[in-house]
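Start from chain A and add chain B according to the hints.
Read off the chains here:
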Amino acid sequence: MKKVIVIGNGMVGYKFCEKLRAKAKADEVSLVVYGEEPIPAYDRVHLSEYFENQSAEKLYMAPRSWYEENDITLKTGQLVTNIDRESRAIETHTGEKESYDYLILATGSSAMVPPITGVDKKGVFVYRTIEDLEQIIDYAQHAKRGAVLGGGLLGLEAAKALLDLKLDAQVIEFAPRLMPRQLDDSGSNMLKSKIESLGIEILLNKNTKEIHGNGKLDRLEFSDGTSLETDMLVISCGIVSRDELAKTCGLETGPRGGFVVNDQLQTNDPSIYAIGEAANYNGMVYGLVAPGYDMAETVVDQLTGDQSKQFSGADMSTKLKLIGVDVGSFGDALGQSEGSIPIAFEDKSAGVYKRINLSADKKKLLGGVLVGDCADYSMLLQITQNGMAVPPNPEDLILGARGAGGGNSIADLPDSAQICSCENVTKSAIVSAIKDDGITDLKEIRTCTKAGTGCGACSPMVGDIVSATLKSMGQSVRKTLCAHFDYTRQELYSLIKIKEVKSFNDLLNQYGRGDGCETCKPAVASLMASIWNEPILKQDTIQDTNDRFLANIQKGGSYSVVPRVPAGEITPDKLIVIGQVAKKYDLYTKITGGQRIDLFGAKLNDLPKIWRELIDAGFESGHAYGKSLRTVKSCVGSTWCRYGLHDSVSFAIEIENRYKGLRSPHKLKGGVSGCRRECAEAQGKDFGLMATEIGYNLYVCGNGGANPQHAKLLAGDVDEKTAIKYLDRFLMFYIRTAEPLNRTSVWLNKLEGGIDYLREVVVNDCLGLGDELEKDMQALIAAYHCEWREAVENEDMKQKFRHFANSEADDPTLQFVPMREMKKPADWD
Amino acid sequence: MSQQTLNYKTIEPNQVKTWYEACKEEQFPSDGGLCVEFEGLQIAIFNFSRRKKWYATQNLCPHKKQMILSRGMLGSEGEEPKVACPFHKKTFSLESGANLNGHECALATYPIKVEEGVVYVGLG
Chain A
1 MKKVIVIGNG MVGYKFCEKL RAKAKADEVS LVVYGEEPIP AYDRVHLSEY
51 FENQSAEKLY MAPRSWYEEN DITLKTGQLV TNIDRESRAI ETHTGEKESY
101 DYLILATGSS AMVPPITGVD KKGVFVYRTI EDLEQIIDYA QHAKRGAVLG
151 GGLLGLEAAK ALLDLKLDAQ VIEFAPRLMP RQLDDSGSNM LKSKIESLGI
201 EILLNKNTKE IHGNGKLDRL EFSDGTSLET DMLVISCGIV SRDELAKTCG
251 LETGPRGGFV VNDQLQTNDP SIYAIGEAAN YNGMVYGLVA PGYDMAETVV
301 DQLTGDQSKQ FSGADMSTKL KLIGVDVGSF GDALGQSEGS IPIAFEDKSA
351 GVYKRINLSA DKKKLLGGVL VGDCADYSML LQITQNGMAV PPNPEDLILG
401 ARGAGGGNSI ADLPDSAQIC SCENVTKSAI VSAIKDDGIT DLKEIRTCTK
451 AGTGCGACSP MVGDIVSATL KSMGQSVRKT LCAHFDYTRQ ELYSLIKIKE
501 VKSFNDLLNQ YGRGDGCETC KPAVASLMAS IWNEPILKQD TIQDTNDRFL
551 ANIQKGGSYS VVPRVPAGEI TPDKLIVIGQ VAKKYDLYTK ITGGQRIDLF
601 GAKLNDLPKI WRELIDAGFE SGHAYGKSLR TVKSCVGSTW CRYGLHDSVS
651 FAIEIENRYK GLRSPHKLKG GVSGCRRECA EAQGKDFGLM ATEIGYNLYV
701 CGNGGANPQH AKLLAGDVDE KTAIKYLDRF LMFYIRTAEP LNRTSVWLNK
751 LEGGIDYLRE VVVNDCLGLG DELEKDMQAL IAAYHCEWRE AVENEDMKQK
801 FRHFANSEAD DPTLQFVPMR EMKKPADWD
Chain B
830 MSQQTLNYKT IEPNQVKTWY EACKEEQFPS DGGLCVEFEG LQIAIFNFSR
880 RKKWYATQNL CPHKKQMILS RGMLGSEGEE PKVACPFHKK TFSLESGANL
930 NGHECALATY PIKVEEGVVY VGLG
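Chains A and B supply the protein sequences, listed in that same order. With our numbering applied, the first sequence corresponds to residues 1 to 829, in that order. With our numbering applied, the second sequence corresponds to residues 830 to 953, in that order.
Note that these hints are calculated values from the structure, not bench results. A hint or two may mislead.
In silico lysine to aspartate or glutamate, DMTMM-like type, Cα no more than 25 Å apart, as pairs [claimed, not checked]:
(1) Lys894(B) / Glu57(A)
(2) Lys75(A) / Glu52(A)
(3) Lys555(A) / Glu866(B)
(4) Lys667(A) / Glu654(A)
Just chain B, with the same shape it has in the complex:
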């Protein structure tokens, strides 16, 4: 299982080699996420519409290694935007990927952009 975790590494904007077309903006629920698959990786994309911001993280929750975070609930802790895993409500920062209420590994995060109604995720 740890191998599965190792597949997910944060990509900084300057490390992007390929921008993958994920799906259309209109497919997204407001203040919610969807999961997409590229190169065998599962990426969770979040439409934080209250903040008019987009985020992308690994879909794998590090706690019990479940492919689930795209179905998580969005929210904020202070100024920090976060997602809560549906299984045990572990929360993670959408900015840094850090676990906010425990000692789980941080999520890998990915660059994201929306152009002409299409959402793209950047992979290395």
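Okay, chain A solo, but in the shape it has when bound:
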């Protein structure tokens, strides 16, 4: 009969016992286990559950009685201090000696503690054993804040534990991302924002230099000069193999620790094996439990006579629920293999990120990253590990097979789609409020589901879901504007135009009821601007706040100012003026995505003065505050670029100047690219032109933002004149028929017949509206005026830009704090 001694009663040591007893009973192999901790092996992976139930028993891999029932002698609280390889015996700290035929080293690891000055202070802990946890719980009773050093798996678990202990928790990570070995930057960002939403702060790129405090820590100092005040610190920076037994008995260890083992997991003494985190295989120490279990099985096979199975390394694929977030990482997760090609999908509203890495020949799956949705993990891992062929459209692996044509309408959204990200309301919650609770009124839906009650950005989509659901139930839906008008936007457009209504109160008196509200007032203001293009400040109190003050209100109550820079072309003199104005009025400056310059932090009282100076230098309003044309982005085009086919800048300037001031149901963005390299990203705009050899391809109804959508080809190879004709028609048709606050993409998705019908209307003029649409556009263009010029040239209007009616003072509650070399508003609650 063979006698086996296992040193270490952790998860892997326990698993070895379990697997050995499944193959060899007590009459074949006798088994003795030494454990250093006073209690039997417990589940270290779910250590944080101890915070909830504070019961070690619940974490036990098996109760003490299990060891007895399986004829295993378990000796806990016994530290093995020496191995006498010649006489094949071990010795414990109490002097007890015991001989073996085979010895299994499952000593595991301890927490790696980096050599930071002050690491020995009170309040610094590691996160490894139940004893560590008990100390953390004790200490946390007198602490308010707790930081975790290390943003890996265990570190994040520890942070959750601190949060559960009601501490303000921070995670400090040296690398630029969380879980640096398992996740790429995008995956880390997604995980980070989900974890931050739980109230855990994440600090990346932080190298902790010193731990300060008199006796107990109170502050961490980082090498970038910043610091963090905290009451306690939990270190979770990785592991170090417990290989100290090697020193006294001459077993070989790796340069970074761990007993060196061969394919049979034997150390340099063939009767001594090492498994789990204590083993160093091919220079690797595996810090995950699954490879440890594999090792246990290999050794069991060796001992029970099946010599065929060898250990050949393990990949670090892992799937887990981290603080409620599904995270998966498999194979070559970061795409480090030569020539590997990534395919990624990101949905920030649902908090899902998926990435797969294909081999250079696109035939094999090498690995990938999943955050927020691990449903595909097992399948993807199978394909990776078994070298299975990937489908012809590899993106189907993460997106699922998608039918032709469909994809963008409300009906195509999955039930789980998060519609309102502020209140976390899914599509199915809204649908169920309608179908199950019988609620059909939009306002009541908002009250009962809370959808759209936060920032309000999802309100149009909530309305669409209500309409689509009611329609699917066979109920007719009329999208009336609000409780004050029983008309749709399109109907009001016709009424205003045909009856020549020019003020909100007239329209309300003739066709509405009540006093109006924050929904119908801006909608009517936009309609009147789209039809008459009169100065909007004639009816300033029906305008949304940005339109009312011709500037964008920002956090804290200051405004931002954006002068028009058509197509992004600007002279040095004008750049200097912007710089001078920003300096004079102490404004924060930032280049926008639309190739212009935004000046933030302007006081209401300063707006007319700022604009006086800008207008004197030749600037005009950029209409960044309006649901109107913003910018027409351009690439540099054939004037400078060696690839350019046409002069995209000149054409973009012409288009931007043509439609500047045009008010529409939502904002409008355009782009012109001088060749098919598409540097202006025109296919991501409401309208975009891409130069071809003989003209331009005209794309419409694309957008970025919350639900990005590529623009669709409306007409190919058209000359500039034709392109403008089609644009006039397209824009006017959109302005006439869209619902309030619907971008062109949303409008097109709802338009029956889609892009083909739109092409019939715009290009083939199937409705016979072409001339009328062009004429309407021409009238609007002729009525263009710079709103800011009018405001600063009119004394009465200038008076509207004051915070107090009874004083010239600025709002004393406006607060700014320094940021880098400029300023930002103080945070709000």
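The following block gives chain B in isolation, referenced to the frame of chain A:
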């Protein structure tokens, strides 16, 4: 910040100690508001001209503690006259100050009177 909110308390007409002259009636936009300052308080005054009524509330929106409500949009919900905050469209009754579309604290409201073209606000 909560201290800032505490400064604003509804004043009933019978609690008025001082009537402050705010500004002239003609300064007001129709169906819109202005902000005035007395004793370090910011009061929003609204000229609801469609209803020929005047209202005064705190200028501070309780949601994000911003001094902004005087720039809000007026309207009605049923019979209730209301103002919508420009930041996130939280709406408040101009009569009671109650938040109509959420669970924010109610606004403090103040008595108001117009005499010979001059608008006065009553403080305690």
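Checked hints:
1. Lys894(B) / Glu57(A): Violated: Lys894(B) and Glu57(A) sit about 50 Å apart, past 25 Å.
2. Lys75(A) / Glu52(A): Violated. Lys75(A) to Glu52(A) sits at ~29 Å, over the 25 Å cutoff.
3. Lys555(A) / Glu866(B): Given pair Lys555(A), Glu866(B) holds - Cα atoms ~22 Å apart, limit 25 Å.
4. Lys667(A) / Glu654(A): holds, 19 Å
Hint compliance for this structure: hints 1 and 2 are not met, and every other hint is.
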